[in-house]
Amino acid sequence: MGSRASTLLREEEIEEIKKETGFSHSQITRLYSRFTSLDKGENGTLSREDFQRIPELAINPLGDRIINAFFPEGEDQVNFKGFMRTLAHFRPIEDNEKNKNPPATEPLNSRTNKLLFAFRLYDLDRDDKISRDELLQVLRMMVGVNISDDQLGSIADRTIQEADTNGDTCISFQEFMKVLEKVDVEQKMSIRFLH
Amino acid sequence: MAERWRSALLLCLLMAASSLANSETPVSSSTGNETTGTGHETAAITTLPIVTWKWHHVEVPYLVALWVLVSWLCKLVIEANHNVTNYIPESALLICFGFILGGMIWGADKVQTFKLTPTTFFFYLLPQIILDTGYSMPNKLFFTNLGAILIHAIIGTCWNAATLGLSLWGCHQGGAMGNIEIGLLQYLLYGSLMAAVDPVAVIAVFEQVHVNEVLFILVFGESLLNDGVTVVLFNVFDAFVSLGGGAIDAKEIVKGIVSFFVVAFGGSLLGTVFGLLISLLSRCTKNIQIIEPGFIFVLGYLAYLTAEMLSLSSILSIVFCGVCCQKYMNSNMDENSIQTVRYAMKVFANGSETIIFVFLGISAIDKTIWVWNTGFILLTLFFILIYRFIGVFILTWFLNRSRLVPISFVEQIIMGYGGLRGAVAYGLAVNLNETKIKEKNLMVCTTLIVVYFTVILQGVTMKPLVQWLNVKRAATVDLTLVEKVQNKVFEHMLVAIEDISGQIGDNYWRNKWRNFEEKWMSRLLLKPSARKKQDRLFNVFHQLNLQDAMEYVKEGEHRGSLEFIRNESAFVDFKKKFGEDYEEAMPDIMAVMADDQGSAMRLRRDPVPSVSLEMHEQNMRGLREAEGINSHYLLDQHLYKSRKQHRYRFSRSHLDINQDENEVQEIFQRTMRSRLESFKSGKMGVAPPKTITKHTKREPQPKMPNGRNKPYHSGDEDFEFSEGDSASGYDTSFPMRVGYRAGAGIENPAFMPDLDPSSPLHIPPWLADAGLEVNPVAPSERAQVRTPGHLHRLASLRTSAQPGDTVRDRNLLTPPPPPHRDDDHL
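Listed in order, the protein sequences are those of chains A and B. Numbered continuously in UniProt numbering, the first sequence closes out at residue 195. Numbered continuously in UniProt numbering, the second sequence closes out at residue 826.
Chain A extracted, bound-state conformation (with noise of 0.2 Å):
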């Protein structure tokens, strides 16, 4: 299609993606392809429409909240640059890296990043902090219809108390990583993608 041809990727795009991100060539054009064919609109950017397109999201508890990770502040077309930056962070943390000299700043798939990935799916009013409704809401996504509200409610409570530190009766992204310090993020939030 005509279209089609506007929107190939340019080698520099290529390069500015792989600096980013560390994904290799191959790897971004493997995931330009299916940007592209998830992409119906063909207007070079995905919309909230094009995720909840892929059937299996919707089986997915949390479908919706990560659909909307993709999305910037705000915005509702995710370009592919954006694409890339989210599923960076799900790339896994490889030996050589850690030995090199850190970069600048720190790569989007280091176990800060990733934690503050699954902090943000928490956080949707992006206060930096996860109240009780909030872990609530996520608590309820997750869990059968056979839970009633009062014991989400109590299993809601008793989670905030273990990990808030300082009483606020929120979780902070400080606390947050402090209680998942035991936790191997960098294998769970990993995925080998193919080249």
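Bear in mind the hints are in silico, worked out from the structure with no lab data behind them. Among these hints, one or two may not hold up.
Residues on chain B that point at chain A, a partial pick, calculated with CB under 10 Å [claimed, not checked]:
#1 52
#2 56
#3 57
#4 395
#5 399
#6 402
#7 481
#8 482
#9 484
#10 487
#11 501
#12 515
#13 634
#14 639
#15 668
Keep in mind the model is a prediction, meaning the values are calculated, not measured. C-beta atoms are modelled at their ideal positions from N, C-alpha and C, and glycine is treated no differently.
Following the hints, position chain B against chain A.
Only chain B this time, still in chain A's reference frame:
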């Protein structure tokens, strides 16, 4: 009590059988025995006999029927008490019953009159089992993992055969086995017949153990496909043994390799041809619906025999026959026929399996075949286990480097441990030529012992092993609530990102295949009425959902809280492919069926944990602790499983629906509801009411069209909801028209021309994959009221005629939506 007299009945029958057999020639010998004719050529009668004893007249069929009855009675006795089958798999118990029966016959006859002969096994007992597995195979899962399955089947089996043969030979040279006359070639032959993992045994044991779908399909698929390799290896080495060691040169070896390809691909191709034949046939059987179900059995059997005749792999042939014809059969045949086929297959397969295991047990009690060589037997057992594990570990290491979802260590152990040998190995062993292979009896014995070991011992210990491994991994660390929740969050996240990033390679080929299939094969193999029906059903479905949605909006409108500009029309984008995509997702999860009652690993959805009963006696601190335990317990029980954990089971004996489907339905409904809400709130500028009593689930996903997609929809008759949950990118310029013709009901031709010819015809396979009454796409409330769960009945449904003018009211419009974005939009 009832059990006791059942067992007594069994014994009586048995005594009758053996006493009858006692006085007559054994079944296994040819039927044209000298005594058959006695009925006719007895000494001249002197007076008219009123009743005569005509045993020989009916001997063979009688004994066959009697043995079938006895085997099935054994199964009855075993299944009388579910507690036992929880610990010991049914196959093991059947073998034990076989021992008992064999012992009784031996006691009566001093010779084993009934054995599992290779002919009976390969021609009369095995085909229906394999046909059942092929027909119920979850195609999508199978073909997605085909690469891994093939690697395990081909390379794994060759590895098993080679290493077993060579190691045994090495030990022989080392003198560990004493004085037996087996050469290297014969060892390799023996290795090849022991190498194959047996599908019958695998299913029988895996029924007890809940493993996830990927693992299941890997082991199961491997067990089916390795027949190609086994047949080739066996024939090749058999021929080599006949030729003698000297005649083997490079040419013969090359021929061996070529024969592998010919046998394997030839068998599969033959099966596919037969499958297509059946599909074509089912297209024309409208007038003979009463015997429609029979064709698959006959043609399947012919596929098997034809492959045997051409010395190709018969198991592969019948598997692919079943795999290919599933979809078309389920679309073309009448509903009753589909049910009949399903049930009949299960009956035959289950029945055959029972008979096989009983006879495996009986065949052991035969002094003539027993040769005991400690070294040989023990070494064989040892090597089989070891090499299986080594093979699995090496192969999965290779595979994991290119798999998106690596196969975990626990899963690898289960795969290795699940490499059971069964009746196929025994059948091949008995087929060995005694003159060329002097130690045939030793081999037969060892095969039997290996089969017993794997089926009984490994079967019994499989479940505890799995539980121990899982428990072990989970219990190493006591997780906090946050960690638990977060782990689940991670799992769901990963699954979602995998789906979003997709696997391009698969999708590309899958799309190509789908297009090809829609264009050519569906046209050829599906009844025209079947093709139309799919769309009609889908349309009706969609319309019902649509109506619900529109009524919901209308209500809101009447309440006056909605402000929108009246416009002429609304488009609803009915993406045909959408349903197909859903079908793909759903059957993954809910593909098949098993009922789970006896399983200890099943978590009950009990919202009131027993812990709370003790809360009264505790003081405040204790109360808090109890709450803590409560929370952990609740979370453990109720957190949705991520897709990785969803259980898939192919069950020989159950046709029910997987419990996990409820979870999926819940999630799906909730997601759809929230999307609809946010859509409404975005469009109407109103926050959706907190309590939604009506479950409006919109099945098709509304799409936001922009200019470029307009030519995609044809004319007036299109219907489109545009989702306006985003303030920007909203094209208000395009007209929205209601093309919904009042009272058009299901015959709405609106949707007909709209169908691209490549529209997927996926409801039946969707149903077929999902099995029975399950309706994977959540129907709207109205649909639920009208359709008692069975999608096919929608075909005769008429939607209520709407007066024309109210149709105009049901417009969905394009207001400039208020910039406020609902926070509920998840």
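Verification of the supplied hints:
no.	hint	verdict
1	52	violated, 69 Å
2	56	violated, 64 Å
3	57	violated, 62 Å
4	395	violated, 18 Å
5	399	violated, 12 Å
6	402	holds, 7 Å
7	481	holds, 5 Å
8	482	holds, 5 Å
9	484	holds, 9 Å
10	487	holds, 7 Å
11	501	holds, 6 Å
12	515	violated, 14 Å
13	634	holds, 6 Å
14	639	holds, 6 Å
15	668	holds, 5 Å
Checked against the numbered hints given earlier, the structure breaks hints 1, 2, 3, 4, 5, 12 and satisfies all the rest.
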